[in-house]
Amino acid sequence: MDISLLAMLCVTAIAAIRIRDLFAVTMLFGIYSFLTATFFLSLDAIDVAFTEAAVGAGITTVLMLATLRLTGRYERKPKHNIFIPLIVVSITGAALVYGTLDAPLLGDPNAPAQQHVSPRYIEESPKEIGIPNMVTSVLASYRGYDTLGETFVIFCAGLAVIIILGIQDSGEVHPGRSAIGDQLVLRVVVKVLLPFILLFALYVQLHGDYGAGGGFQAGIIFASGFILYDLVFGEGDARLIIPPTFLKRMAALGVLLYASVGLYSLFNGKAFLDYSALSDNPTSAQHIGIFLVELGVGITVFSVALTIFFAFSGRAQITVKTDRRPPL
Amino acid sequence: MSNVAGLFNYWVVIFLMMAGFFVVISQGNLVKKIIGLSLFQASAFILYISIGHVSGGEVPIYVEGSNLYSNPLPHVLILTAIVVSVSTTAVGLAIIIRIKETYNTVEEDEIQVIDNRKDDEDEPVVVEEKHSSEYKEDRS
Amino acid sequence: MSLVDHLPILIIIIPLIAAPLCVLFDSAKASWLLALAACISSFIGSIKLLNTITLSGPISYSLGGWQPPWGIEYRLDLLSIILLLLLTSIASLVVLFARYSVEQEISKNRIVPFYATLLLAIAGLSGICISGDVFNLFVFLEISSIASYTLISLGKDRRALNAAFKYLVMGTIGATFILIGIGFLYMQTGTLNMQDLSERLPSLYDNRTIRAGFAFLTVGVCLKLALFPLHLWLPNAYAYAPSVVSAFLAATATKVAVYMLLRFLLTVFDFNFSLNTMPLDVILIALGSVAIVSSSLVAIFQVNLKRLLAYSSIAQLGYISLSIGLASKLGIASAIIHLFNHALMKGALFLALGAMIYKVGGAELKHCQGMLKRMPLTSLAIIIGGLSLIGIPGTAGFISKWSMINASLEAGLWPLALLILFGSLLAIIYVWKMVEAITLQPSTSTATAPLTRDEAPLTMLVPIWALVIANIYYGINTELTVSLAQRAANILVGGY
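Sequence order for the protein chains is A, B and C.
The first sequence begins at 1 in the numbering used here and counts up by one.
The second sequence begins at 1001 in the numbering used here and counts up by one.
The third sequence begins at 2001 in the numbering used here and counts up by one.
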């Protein structure tokens, strides 16, 4: 299972180097992400697999396609000398292999990484935090501050795209004109599917304590629902439901919600993000804290993902129209 | 022999990382560079998840009666790293779109030629502020 | 815990929270005020922390109330607080300066997200300097990096876009290298906490995984540090970014990279392993020397003054890595002194150029005509900043150079002392080029505007001159910088 997956990953990577049709390369990248996610699954990392599938195979691929639509599908035949890159890559690779020579073998339960720090998460977190999913416990509580940083990274990416590309606040809407043409079957399917996608997102948001999921994955799925709607029903349709200025504010509110949980504990004499300030019962305090910060993450991720999509697709509409370049 | 089997996984991952890294530093097309960067990062993530893998261990979600789990910490780190990676990709692609609009190419060497050429001229090349709203005025 | 105990987190979280608040208020003026208030409060907090640390030693703060190594720790020692003081003071001055400059250089609908992004860059860089957890450091590194790419891309010249993209690619490669390095360390130690790592690593110094991890961390940081030959992203990034951004990044971003290098080499690993067991000392000296000579030479031929200063920055980073490579307490102390002083010089110079761009419309040699008459105060600032860059006695630059020459001689490497002097000679040439353009060249009829006095507004002059005066003050009163840097170096070399 593992060997075949790894072999497929290698083939995909080599193909991605050799092929000059960027559309194909992007598709290969999506496949690569999907294979990676499967590999993560086989290594028992379901949360990571879920996220990699949603992000790598989902959002990233969509963004790459949107970019290709503007920049052209084929790359020019490279004139570069590949000699120096080959040397750099060989040296780096050799250093990495050198580093693995003393590495613990794959799956060794006595490896140092399994012996220090993490046993506490595995043994104590179900009692200390009171939720079964250890990944959520570490993510939102033990290392909750990293996750705050991560949420700010997303927020920053949203600001970056607004700055670099700009965004139509109340741009033209073409209810009839969808990016993929008028597809009656698709419309019906999407209309039926949409409520379920949004419901599923809510489930993922709330279920993170028990299974794979959490604010990040939920935000992505919720945003995908709107992206799908926009793609199928017409350019700018989703923008009518959620105007971009509103999204910008929501993204800000999401990170603020996360940070204010931290500030609340701070003003109650506890350390920043110490959830025990939230309730007298230690485990329910953790529950409340994790719920609130995951909600903050979910709101920010949803708003930023949708903002980025609007910015990219808005740019595509304009340029395609003015340049009269045939769509991909 | 068991060593080779246990380390083989790492070596394949290293090959994958280097494939991505090679794309970044050898290709002239900016979009392909970004794709390479994402491949490079995604493969580095596999390295981390491999570190946390425990043979016979379970998914790190507590179940009554089970006591051997995979290490949740690398999972958490990589969740964060995936998010960081997609954010960087989005910003990179956004910059590429603007580069295409102002240079009318996304090939590195062509951009370099244009950059160097302008060095000799007097006036700096000012980027046209192409905001969506302004486009609308253009067309009307 | 009283509010004072929370200062370590407050000085980071205040600029961090101010960013989304700017977006909520959605007004250019409110954003500017908010950014200014946030930076100044962080600055005041840093001063307070400096007092605490000099009196009672390092401070540790457990985020989320979880004890390290299970939770994330903020740890402040002398080196951290020096960097934080530098960052927050420069950030306050740059934001004060920003108001008119930004109004002119950045389109109206981008001003609010601009301030928000600038605040994120400030908070990200500060977060790096205070974190006692290697992965948390990576997260804040990425906040500051993504914010920096964005800020650079805002430049008016289209080359800013290409520069931002190059920086993004190089920066992300660097960050991924750092990530791989952290992974290798984690693989063998099971921990991410710096102090915990420093206790567990010495017994593993022969381990090949640890050695590879060391190499990846170093190369990754050197990419961010723009150490020759990994510097190619820097000149255009600084040259074509908006004035405010150039000033802020030139004064702080590479300095924080130097901080990371020192932190990894001397705290996570230790002095003996990093600079004696591993051949890094020789590499740093060699690359530093090449950087000094080659970049100074390139700087001489620049027409764009921002680009000239950018190349000079690469040379200065050469001096810093050379000092670290000397592998002595005095060498490390000199690196810290120069890190501090160089930030003051480049801050002053880039801000002065920003004022010039604001009034004259550009920062190329031809724009300098009649500058002395038109903007006497700004011109004088450029001249004094330039003197400090050369290392004329009475300026901060002299203290740096003096200390570095002493450190080279102490190590018995007199050719390096000569090299540092030679670098200063080259600096005289490129600084002279600027000064000559400003003072001597007669104003020709091609000058577009009449040569009446037209000085920059007060909110620009105050930050410029604050930094210029700092350059003179730290050139005369060496107690603060030199003694603090020496104490910090002692702590770093002697252990955490």
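Don't read these hints as lab results, they were simulated from the structure.
Check before you lean on any hint, since a few could be wrong.
Simulated crosslink set (EDC-like; lysine to aspartate or glutamate; CA at most 20 Å straight-line) [as the list claims (entries may be wrong)]:
| hint | chain 1 | residue 1 | chain 2 | residue 2 |
| --- | --- | --- | --- | --- |
| 1 | A | Lys127 | B | Glu1058 |
| 2 | A | Lys77 | B | Glu1064 |
| 3 | C | Lys2108 | C | Asp2026 |
| 4 | B | Lys1100 | A | Asp2 |
| 5 | B | Lys1100 | B | Asp1115 |
| 6 | B | Lys1100 | A | Asp21 |
| 7 | A | Lys77 | B | Glu1058 |
| 8 | A | Lys77 | B | Glu1108 |
| 9 | C | Lys2029 | C | Glu2103 |
| 10 | A | Lys270 | C | Glu2103 |
| 11 | C | Lys2156 | B | Glu1064 |
| 12 | A | Lys127 | B | Glu1110 |
| 13 | C | Lys2156 | B | Glu1058 |
| 14 | A | Lys270 | A | Asp280 |
| 15 | A | Lys127 | B | Glu1107 |
| 16 | C | Lys2373 | C | Glu2479 |
Results of checking the hints against the structure:
no. : hint                     : result
1   : A:Lys127 with B:Glu1058  : holds (18 Å)
2   : A:Lys77 with B:Glu1064   : violated (59 Å)
3   : C:Lys2108 with C:Asp2026 : holds (11 Å)
4   : B:Lys1100 with A:Asp2    : violated (41 Å)
5   : B:Lys1100 with B:Asp1115 : holds (14 Å)
6   : B:Lys1100 with A:Asp21   : holds (18 Å)
7   : A:Lys77 with B:Glu1058   : violated (48 Å)
8   : A:Lys77 with B:Glu1108   : holds (12 Å)
9   : C:Lys2029 with C:Glu2103 : holds (10 Å)
10  : A:Lys270 with C:Glu2103  : violated (41 Å)
11  : C:Lys2156 with B:Glu1064 : violated (61 Å)
12  : A:Lys127 with B:Glu1110  : violated (60 Å)
13  : C:Lys2156 with B:Glu1058 : violated (54 Å)
14  : A:Lys270 with A:Asp280   : holds (13 Å)
15  : A:Lys127 with B:Glu1107  : violated (56 Å)
16  : C:Lys2373 with C:Glu2479 : violated (37 Å)
Checked against the numbered hints given earlier, the structure breaks hints 2, 4, 7, 10, 11, 12, 13, 15 and 16 and satisfies all the rest.
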